[in-house]
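Number of protein chains: 2
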Amino acid sequence: MSRYWSRIVHSLTPYVPGEQPKISKLIKLNTNENPYGPSPKVLEAIRAEVTDSLRLYPDPNSDQLRQAIADNFEIEREQVFVGNGSDEVLAHIFQALFKHDQPLLFPDITYSFYPVYCGLYEIAYREIALRDDFSIHIDDYFQSNGGIIFPNPNAPTGRLLVLSEIERLLQKNTDSVVVVDEAYVDFGGDSAVGLINHYPNLLVTQTVSKSRSLAGLRVGYAMGQSELIEALVRVKDSFNSYPLDRLAIAGASAAFADVDYFKQTCHRVISSREALITDLEGLGFNIIPSAANFIFAAPSNISAQQLADALREHGIIIRYFNKPRIDNFLRITIGTDDENRSLVQALKSIL
Amino acid sequence: MSRYWSRIVHSLTPYVPGEQPKISKLIKLNTNENPYGPSPKVLEAIRAEVTDSLRLYPDPNSDQLRQAIADNFEIEREQVFVGNGSDEVLAHIFQALFKHDQPLLFPDITYSFYPVYCGLYEIAYREIALRDDFSIHIDDYFQSNGGIIFPNPNAPTGRLLVLSEIERLLQKNTDSVVVVDEAYVDFGGDSAVGLINHYPNLLVTQTVSKSRSLAGLRVGYAMGQSELIEALVRVKDSFNSYPLDRLAIAGASAAFADVDYFKQTCHRVISSREALITDLEGLGFNIIPSAANFIFAAPSNISAQQLADALREHGIIIRYFNKPRIDNFLRITIGTDDENRSLVQALKSIL
Numbered sequence: 281m282s283r284y285w286s287r288i289v290h291s292l293t294p295y296v297p298g299e300q301p302k303i304s305k306l307i308k309l310n311t312n313e314n315p316y317g318p319s320p321k322v323l324e325a326i327r328a329e330v331t332d333s334l335r336l337y338p339d340p341n342s343d344q345l346r347q348a349i350a351d352n353f354e355i356e357r358e359q360v361f362v363g364n365g366s367d368e369v370l371a372h373i374f375q376a377l378f379k380h381d382q383p384l385l386f387p388d389i390t391y392s393f394y395p396v397y398c399g400l401y402e403i404a405y406r407e408i409a410l411r412d413d414f415s416i417h418i419d420d421y422f423q424s425n426g427g428i429i430f431p432n433p434n435a436p437t438g439r440l441l442v443l444s445e446i447e448r449l450l451q452k453n454t455d456s457v458v459v460v461d462e463a464y465v466d467f468g469g470d471s472a473v474g475l476i477n478h479y480p481n482l483l484v485t486q487t488v489s490k491s492r493s494l495a496g497l498r499v500g501y502a503m504g505q506s507e508l509i510e511a512l513v514r515v516k517d518s519f520n521s522y523p524l525d526r527l528a529i530a531g532a533s534a535a536f537a538d539v540d541y542f543k544q545t546c547h548r549v550i551s552s553r554e555a556l557i558t559d560l561e562g563l564g565f566n567i568i569p570s571a572a573n574f575i576f577a578a579p580s581n582i583s584a585q586q587l588a589d590a591l592r593e594h595g596i597i598i599r600y601f602n603k604p605r606i607d608n609f610l611r612i613t614i615g616t617d618d619e620n621r622s623l624v625q626a627l628k629s630i631l
Numbered sequence: 281m282s283r284y285w286s287r288i289v290h291s292l293t294p295y296v297p298g299e300q301p302k303i304s305k306l307i308k309l310n311t312n313e314n315p316y317g318p319s320p321k322v323l324e325a326i327r328a329e330v331t332d333s334l335r336l337y338p339d340p341n342s343d344q345l346r347q348a349i350a351d352n353f354e355i356e357r358e359q360v361f362v363g364n365g366s367d368e369v370l371a372h373i374f375q376a377l378f379k380h381d382q383p384l385l386f387p388d389i390t391y392s393f394y395p396v397y398c399g400l401y402e403i404a405y406r407e408i409a410l411r412d413d414f415s416i417h418i419d420d421y422f423q424s425n426g427g428i429i430f431p432n433p434n435a436p437t438g439r440l441l442v443l444s445e446i447e448r449l450l451q452k453n454t455d456s457v458v459v460v461d462e463a464y465v466d467f468g469g470d471s472a473v474g475l476i477n478h479y480p481n482l483l484v485t486q487t488v489s490k491s492r493s494l495a496g497l498r499v500g501y502a503m504g505q506s507e508l509i510e511a512l513v514r515v516k517d518s519f520n521s522y523p524l525d526r527l528a529i530a531g532a533s534a535a536f537a538d539v540d541y542f543k544q545t546c547h548r549v550i551s552s553r554e555a556l557i558t559d560l561e562g563l564g565f566n567i568i569p570s571a572a573n574f575i576f577a578a579p580s581n582i583s584a585q586q587l588a589d590a591l592r593e594h595g596i597i598i599r600y601f602n603k604p605r606i607d608n609f610l611r612i613t614i615g616t617d618d619e620n621r622s623l624v625q626a627l628k629s630i631l
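Order-wise, the sequence lines are chains A and B. Just so we're aligned, residue 281 is where the first sequence starts under the numbering used here, counting upward by one. Just so we're aligned, residue 281 is where the second sequence starts under the numbering used here, counting upward by one.
Isolated chain A, as found in the complex (with noise of 0.2 Å):
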C-alpha cells in the first residue's frame, strides 16, 4: 500500500505462473512446455538475425510474421494479430473488446489469468460452472454477456469442446466477442479458426509456447475478422509499438514453416500422453479425458497435495491449484517417455 500507487493497484491480485526452478536436474512437468525443442530451422531462422542488425527496431507490425501465420491457417494477414505471449495478446483482447456493462462469461474452472485481467481493467464477470464431469456445456452460456471465453481445450481440465458446439453458440451469440483460446489445441482438438470469417464476433487465440516448443520466446497471436483485429492493433499502438523483438519475429515465422516437425513433435506427445495415461489408471488415478500437452488427474488413497510434495522429494515439479473442486486433482504436464517413466517410477514407490 502507497499513496503514490494508483487505485487500482491496491485492489489487484496478480497472476501467480508455474514454478521456474533455477536448478536443472529436476523433471519439470509443472509448466505444459513441450518436451522436445523447437525446430532445428528455428533455431538457424534465429541465429541469421543475431548481427548489428539487432541495433534496428524490428517492424512494429511484424508483418512476416504475421504472413506465416496467415499463410498457415489460409487467412489474410489483416486477420491475425500477433504480440509478446498469448497472455499479452488476451489482455489487449479483455481490454479492447470485453468491457462493457454485461458481464463477461467464462467457466468457474479454467485459466486463472482471465479473472486477473478483469481485475486489472476492471471488467465485470461471471464465472459459469463447469458441469460435474468439468465439460464445458454451450446452454450454459445462452444469457445476456458482454463478451465469452473459454480455453478449448479447457485448462487445467484438458478437456475438449467440439467444433459444433462451439458454432452453436455463435449462431445464438451475436452480440459479443467469443474467444476461443487454442494454446492446447494441437495436442487433439480441431481449432475453431475456419469459422472466422462466419461469425465477426469470434477471435480465436494460439501461441507458439506449446506445439511449436518456442515458450521461451514469447509469442501469442489472435485470429479474427479484420473489426477485431482493429481493436487489437488500436490499443497495441497506445502500449507499445514494437512487441515483438527481432528474434522472436525470425523464430517464430520459421516455426510455421517447418510443418512436419511441428506434426512430428505433436503426434510424439501424443502418444506418450496416451501411455502415461494408461499407467497412471492402472495406478488409480482418475483422468479426466486430455486434447491437451497435459492431463488432469486425481491420485485415490491419497491427498493431491501430499503426492505433489512426495514427487518434489523425488524431483519431480507438477501443478498443484489449491482451490475448491479440483484441490484433488494435479495437473501434469506431458514429458518424454524418459521422463513420463520416472514419473511413474516415483509414483509407484510412493503410492
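Just so you know, these hints were derived from the structure itself, not from any lab. Mixed in with the good hints there might be a few duds.
[Said to hold, decoys possible] Simulated restraints, written as ranges between beta carbons of each label pair: (1) A:Ala-409 - B:Arg-283: 24 to 30 Å; (2) A:Thr-454 - B:Asn-477: 25 to 31 Å; (3) B:Glu-593 - A:Ala-328: 31 to 37 Å; (4) B:Val-624 - A:Glu-402: 23 to 29 Å; (5) B:Gln-625 - A:Glu-299: 54 to 60 Å; (6) A:Glu-402 - B:Glu-554: 49 to 55 Å; (7) B:Ala-409 - A:Lys-452: 31 to 37 Å; (8) B:Val-624 - A:Glu-299: 53 to 59 Å; (9) A:Glu-299 - B:Asn-477: 29 to 35 Å.
[Unchecked claim] The calculated lysine-lysine pairs, modelled on DSSO-like cross-linking and capped at a C-alpha distance of 30 Å, are: (10) A:Lys-305 - B:Lys-321; (11) A:Lys-321 - B:Lys-305; (12) A:Lys-603 - A:Lys-628; (13) A:Lys-321 - A:Lys-305; (14) B:Lys-379 - A:Lys-379; (15) B:Lys-603 - B:Lys-379; (16) B:Lys-379 - A:Lys-321; (17) B:Lys-305 - B:Lys-603; (18) B:Lys-305 - A:Lys-302; (19) B:Lys-379 - B:Lys-452; (20) A:Lys-305 - A:Lys-628; (21) A:Lys-302 - A:Lys-603; (22) A:Lys-321 - B:Lys-302; (23) B:Lys-628 - B:Lys-305; (24) B:Lys-305 - B:Lys-321; (25) B:Lys-543 - B:Lys-305; (26) A:Lys-543 - A:Lys-321; (27) B:Lys-603 - B:Lys-321.
Beta carbons are placed, not taken as given, at the ideal position from N, Cα and C, and that holds for glycine.
Use these hints to put chain B onto chain A, whose structure you have.
Okay, now just chain B, sitting in the frame of chain A:
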C-alpha cells in the same frame, strides 16, 4: 467503429512510430537508433541461448538481468523493474502510478507517447509549455498534480536539464511520483538514478535501445525505491507473467557487462554529433543544444517539411513532426561519420 469494441477503443489516438523501411539502402536517421551494432559479447551471449532451452519459459522475474542492471548502477535488484522495451515500462508506470484525481504534468513538446498512454488509461493531464528556447523550467511544475514525467534530455529537442534542477523539483514535489525518462541520457547527461535512495517518489527509466545498440531486442527498465517497483510488478503480473524472452534477458545482461564497449560507442556518437552540429550550423541551421544521439535543427530559407521530402529523394530519412511550435524543425539521428557526411552533401545540394 464497432459494437464489439470496448468504449475506450473508439476514443484512442494511437502512437505512430517512425518508419521502419523494408528496403535497406536508405540512410536511416529517423528513429534514433545507434549507428553501431551491439557489443560482440552481446551477440555471443544471445547465440549461446539459441538452443533447445527455448522450449522452456523464461524466468518471469528476469532476475539475471535485474541483477546486471543493479550492479551497473550500484543499487539493489529489488529497485529494478524490467519490461518489453521502455514503452511497456512506461505504459505500466502510467497505469500503476499516474492515475489520480489531479492531472499528470508533462511538457507540451515531449515524447508524443505520453498523451497516448493517458488516453489508454483515462488519465487527466496538463501540458506545461516549454520556454521559448525549448527548455524545461522546473518552477512551472510547482503546482497541484497527480504525477510529473519528462525525458532528460528531452525529446525531440535533445535539450538537457541539469541534475540540481531535478533535485529542486523533488524537494518541493513530494506527494506525487516524478518520472525522469532517461532514454538518451548516456549521450551527454547525468542520470538521476543516484537520487532514488533519497526520494521515495522518484522513478528513473532507461532503455537498451539507444546507447546499448539493442532497439531490436526490446528491453527497458525503471529504477526506484521498492515501494514504486512493487506497484509496477503488481500490474505486470496482472498483464503478462513473462514479458522478456530468454534471448532478450541474455543479450541485455551481457550489454551491461561490457562497459568498455558501451563507453566507446557513446563517445563516438557524441564526437560525431559535435562535428555534425558544426557542419549544419555552417549551412545556416538553428540547432537546439543536444545531449542526445540526435539533434533538433531548424533550416533557414526552406520549410522543414520541404527539406524532409527533399532528403528522402536523396535516400535519407529523418523525422519531421507536423505539430505547433516545432513544425520548422527536423529531428536528425546521429549516424556514422560516413552517413553524416552523406547527409551534409545532400543538404548542400538541396540548399
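Each hint, compared with the structure:
1. Between Ala-409 of chain A and Arg-283 of chain B, the C-beta spacing of about 29 Å keeps the proposed range 24 to 30 Å intact.
2. The given range of 25 to 31 Å is broken by Thr-454 of chain A and Asn-477 of chain B, whose C-beta atoms sit roughly 57 Å from each other.
3. In this structure the hint that Glu-593 of chain B and Ala-328 of chain A lie 31 to 37 Å apart at CB holds, the actual value being about 33 Å.
4. One distance hint, 23 to 29 Å for the beta-carbon pair Val-624 of chain B and Glu-402 of chain A, is violated here, with the actual separation near 54 Å.
5. Look at Gln-625 of chain B against Glu-299 of chain A: about 59 Å separates their beta carbons, and that is inside 54 to 60 Å.
6. Between Glu-402 of chain A and Glu-554 of chain B the beta carbon distance is about 51 Å. The supplied range of 49 to 55 Å therefore holds.
7. A hinted range of 31 to 37 Å for the beta carbons of Ala-409 of chain B and Lys-452 of chain A is inconsistent with their spacing of about 56 Å.
8. Distance hint check for Val-624 of chain B and Glu-299 of chain A: the Cβ-Cβ separation is about 57 Å, which falls inside the suggested range of 53 to 59 Å.
9. Between Glu-299 of chain A and Asn-477 of chain B the beta carbon distance is about 32 Å. The supplied range of 29 to 35 Å therefore holds.
10. Proposed proximity of Lys-305 of chain A and Lys-321 of chain B is supported: the alpha carbons are some 28 Å apart, at most 30 Å.
11. Restraint check for Lys-321 of chain A and Lys-305 of chain B: the C-alpha separation of about 28 Å stays at or below 30 Å, so the hint holds.
12. Proposed proximity of Lys-603 of chain A and Lys-628 of chain A is supported: the alpha carbons are some 26 Å apart, at most 30 Å.
13. For the given pair, Lys-321 of chain A sits about 27 Å from Lys-305 of chain A by alpha-carbon distance, which is consistent with the 30 Å threshold.
14. Of the supplied pair hints, the one linking Lys-379 of chain B and Lys-379 of chain A holds, its CA atoms being roughly 19 Å apart against a limit of 30 Å.
15. Restraint check: the Cα-Cα separation between Lys-603 of chain B and Lys-379 of chain B comes to about 26 Å, which is no more than 30 Å; the hinted pair holds.
16. Of the pairs offered as hints, the one joining Lys-379 of chain B and Lys-321 of chain A is violated, with about 46 Å between alpha carbons and a cut-off of 30 Å exceeded.
17. The hinted pair formed by Lys-305 of chain B and Lys-603 of chain B meets the criterion: a straight-line CA distance of about 29 Å does not exceed 30 Å.
18. Restraint check: the Cα-Cα separation between Lys-305 of chain B and Lys-302 of chain A comes to about 44 Å, which exceeds 30 Å; the hinted pair is violated.
19. This hinted pair checks out: Lys-379 of chain B and Lys-452 of chain B have alpha carbons roughly 21 Å apart, not beyond 30 Å.
20. The suggested pairing of Lys-305 of chain A with Lys-628 of chain A holds, with an alpha-carbon distance near 21 Å, which does not exceed 30 Å.
21. Only pairs whose Cα atoms come within 30 Å are accepted, and Lys-302 of chain A paired with Lys-603 of chain A is accepted, the gap being roughly 27 Å.
22. Distance hint between Lys-321 of chain A and Lys-302 of chain B is fulfilled; the C-alpha atoms sit about 23 Å from each other, no more than 30 Å.
23. A hinted pair counts as satisfied when its Cα atoms are at most 30 Å apart, and Lys-628 of chain B with Lys-305 of chain B qualifies at roughly 21 Å.
24. Restraint check for Lys-305 of chain B and Lys-321 of chain B: the C-alpha separation of about 27 Å stays at or below 30 Å, so the hint holds.
25. Proximity of Lys-543 of chain B to Lys-305 of chain B is assessed by CA-CA distance (about 28 Å); at most 30 Å being required, the pair is judged to hold.
26. Pair hint Lys-543 of chain A plus Lys-321 of chain A holds up; C-alpha atoms about 14 Å apart against a cutoff of 30 Å.
27. Restraint check for Lys-603 of chain B and Lys-321 of chain B: not satisfied, since their Cα atoms lie roughly 41 Å apart, outside the 30 Å limit.
Checked against the numbered hints above, the structure breaks hints 2, 4, 7, 16, 18, 27 and satisfies the rest.
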